[in-house]
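Going down the list, the sequences are from chains E and B.
Residues in the first sequence are numbered consecutively from 1, following the working numbering.
Residues in the second sequence are numbered consecutively from 1, following the working numbering.
Certain hints may be false.
What the hints assert, rightly or not - Computed footprint of chain E on chain B, listed as stretches where at least three residues anywhere in the stretch have a Cβ under 8 Å from a Cβ of chain E:
(1) 2-9
(2) 62-72
(3) 116-130
(4) 146-153
(5) 161-175
Said to hold, decoys possible - In silico lysine-lysine, DSS-like type, Cα no more than 25 Å apart, as pairs:
(6) Lys40/B <-> Lys66/E
(7) Lys56/B <-> Lys66/E
(8) Lys263/E <-> Lys247/E
(9) Lys66/E <-> Lys28/B
(10) Lys11/B <-> Lys109/B
(11) Lys171/B <-> Lys85/B
(12) Lys244/E <-> Lys255/E
(13) Lys130/B <-> Lys66/B
(14) Lys131/B <-> Lys28/B
(15) Lys243/E <-> Lys263/E
(16) Lys66/E <-> Lys130/B
(17) Lys121/B <-> Lys171/B
(18) Lys28/B <-> Lys66/B
(19) Lys56/B <-> Lys109/B
(20) Lys243/E <-> Lys255/E
(21) Lys66/E <-> Lys131/B
(22) Lys23/E <-> Lys56/B
(23) Lys85/B <-> Lys130/B
Unchecked claim - Selected chain B positions facing chain E (Cβ under 7 Å, derived; list incomplete):
(24) Tyr30
(25) Asn31
(26) Asp81
Read the hints as simulated data drawn from the structure, not as lab findings.
Every residue gets a Cβ at the ideal spot worked out from N, C-alpha and C, and that includes glycine.
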Amino acid sequence: MNKNCQDFQDQFPDYLTGDLDAKAVESIRDHVTTCANCRSELEELTGTWTQLGILSEEQPGPNLRKNFYTMLESYQQELESSPLKKFFDFFKIKDIGEKLWPRRPIFQLAAVMVFLIMGFTIGYFMRLYNQNTREIARLHQENQSFRQQLTVSLLNQSSPSQRLKGLMWSRQLENPADETLETLLYTLNHDPNVNVRLTAVDALYLFSDHPQVKQGLIESLQKQNSPLVQIALIDLLVEMREKKAIKSLKQLLEKNKLNPEVKARAQLSLELL
Amino acid sequence: MTDEEVMRNVKSGSVKMLAVLFERYHVKLYNYFLRLTGNKGLGEDLTQEVFLRILKYRDTFRYESKFTTWMYQIGRNVHIDYLRKYKNEMPLEEKWEEEISADTQPEQKTLEEQDMMFLHKALSQLTPAKKEVLVLSRFQGMKYQEISQLLGCSLSTVKVQVHRAIKDLRKTYLSLKGGIT
């Protein structure tokens, strides 16, 4: 015996598949005629190998072919219909996306959770921001309303200095209520103190775009006795370029005992208007 | 046209040429998966998946290896991915048994049908590694050299595995047959 049994048995797998040359096959056949052990081993192998042949190939169902051609068709369409995709493909941007997106489901889940939490966090802060904005608006409104109340309340005080303070406060009003304007006009027309009335003219100047105030200022011209206040009013009306004041100014000029300075200022104003 | 020439066409944009390769290999691949998993529906799904991946990763095909080796590489990955995904499901071997024995009782079958059933069962009871080399060499007609390339192991390892696989299969087959008669 030239080779030991193990060497022959190592060749059996090749014997099965017919990958040995004629010489090697002959050598194995010679060996097994004399070695019972190798003969039975080879018979078992070839017997089982051959027997497996009865497990013939099975045919897949018709759906496999149908699904394949559907897939191929849609893939082709996708390739043709999407120039943007081609562009991305060209720069391998799609691949980057695929690389960034985790392959393992557990990491995919983690990524989804991260995005979800990010979404909630952003949403939470947005809501907080909105709440804060609303809160600030509300406080601002409250503050304005407080100032209006303070203005009205101070204007009703007996002390002139308190009423002057009220007029100072009124300057900080952004959108005074009609009642507040009414109180201001009342102070302008009826306050016993000249200084208060003068300051009221200035205070009302800020709200002169309100029609109510405009009208009130024009009418007030007839009601004032103090030349100081009259001159302040005339200047104000001129500055407002209030054409409607012309009639009121003419009526003022017709008055007897009108202070000459006031008269001069009124005539000048008429020309200006 | 060789497989590799067809792949050249597919790679250069005429993806419809993949149909040629499908017609050449889908039955082989289907039987490969059928023998590994023992489930017909699954065999079809996995076969379909292989062709989808061939399309998707066509750019990664290099002409250094045979197309079939590359195809089986994809096939192996598809199978491994499937096992990972559904490792907690019912073992597939049991499904074989159900599918095979569902129609008739062993006594009512012909001798050949009985043999087939025992062989299927014996095949399914092999370890995954032995089953794989045996399926590839006996049913897929792959050379040991190609198998060693595909599995990334030495040629002698493949031969030893085939030898052992047949012996194990025979042992199980005989014990199954002995149990019935």
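Hints, one by one, checked against the model:
As drawn, the stretch 2-9 of chain B meets chain E at 0 residues by the rule of a beta-carbon pair under 8 Å; below three, the given contact is violated. With 0 residues carrying a beta carbon less than 8 Å from a beta carbon of chain E, the stretch 62-72 of chain B misses the three-residue requirement, and the given coverage is violated. Residues of the stretch 116-130 of chain B lying with their CB closer than 8 Å to a CB of chain E number 4, which satisfies the three-residue condition for coverage. With 0 residues having a beta carbon nearer than 8 Å to a beta carbon of chain E, the stretch 146-153 of chain B misses the requirement of three or more and the stated coverage is violated.
Coverage of the stretch 161-175 of chain B by chain E holds. Counting CB-CB distances below 8 Å, 7 residues qualify, and the rule asks for three or more. Between Lys40/B and Lys66/E, the direct Cα distance comes to roughly 16 Å. Compliance with the 25 Å bound is thereby established for this hinted pair. Only pairs whose Cα atoms come within 25 Å are accepted, and Lys56/B paired with Lys66/E is accepted, the gap being roughly 19 Å. A C-alpha spacing of about 14 Å is found between Lys263/E and Lys247/E, which places the hinted pair at or below 25 Å, so the restraint holds.
Taking the CA atoms of Lys66/E and Lys28/B, the gap is about 17 Å. The hint holds against a cut of 25 Å. Distance hint between Lys11/B and Lys109/B is unfulfilled; the C-alpha atoms sit about 49 Å from each other, more than 25 Å. Simply put, Lys171/B and Lys85/B have alpha-carbon atoms about 32 Å apart, too far for the 25 Å limit, and the pair is violated. About 19 Å separates the Cα atoms of Lys244/E and Lys255/E, which keeps this hinted pair within 25 Å; it holds.
A threshold of 25 Å between alpha carbons decides the hint, and for Lys130/B with Lys66/B the separation of about 23 Å falls inside it, so the pair holds. Simply put, Lys131/B and Lys28/B have alpha-carbon atoms about 16 Å apart, close enough for the 25 Å limit, and the pair holds. Using a Cα cut-off of 25 Å, the hinted pair Lys243/E and Lys263/E holds, with the two alpha carbons roughly 18 Å apart. Taken as a hint, the Lys66/E and Lys130/B pair is broken in the structure, with Cα atoms around 33 Å apart against an allowance of 25 Å.
Between the alpha carbons of Lys121/B and Lys171/B the distance comes to roughly 12 Å, so the proposed pair stays at or under 25 Å and holds. At most 25 Å may separate the alpha-carbon atoms for a hinted pair to count; Lys28/B and Lys66/B meet this at roughly 16 Å. At roughly 45 Å between alpha-carbon atoms, Lys56/B and Lys109/B are farther apart than 25 Å, so this suggested pair is violated. This hinted pair checks out: Lys243/E and Lys255/E have alpha carbons roughly 20 Å apart, not beyond 25 Å.
Between Lys66/E and Lys131/B, the direct Cα distance comes to roughly 30 Å. Violation of the 25 Å bound is thereby established for this hinted pair. For the hint linking Lys23/E to Lys56/B, the alpha-carbon distance of about 47 Å lies beyond 25 Å, and the restraint is violated. With a C-alpha separation of about 22 Å, the suggested pairing of Lys85/B with Lys130/B holds against the 25 Å cut-off. Interface hint at Tyr30/B: satisfied, since its Cβ lies 4 Å from the closest Cβ of chain E, which is below the 7 Å cut-off.
Restraint check, Asn31/B versus chain E: the minimum CB separation of about 5 Å is within 7 Å; hint holds. The interface hint given for Asp81/B is broken, as the beta carbon of that residue sits about 9 Å from the closest beta carbon of chain E, more than 7 Å.
Hint compliance for this structure: hints 1, 2, 4, 10, 11, 16, 19, 21, 22 and 26 are broken, all remaining hints hold.
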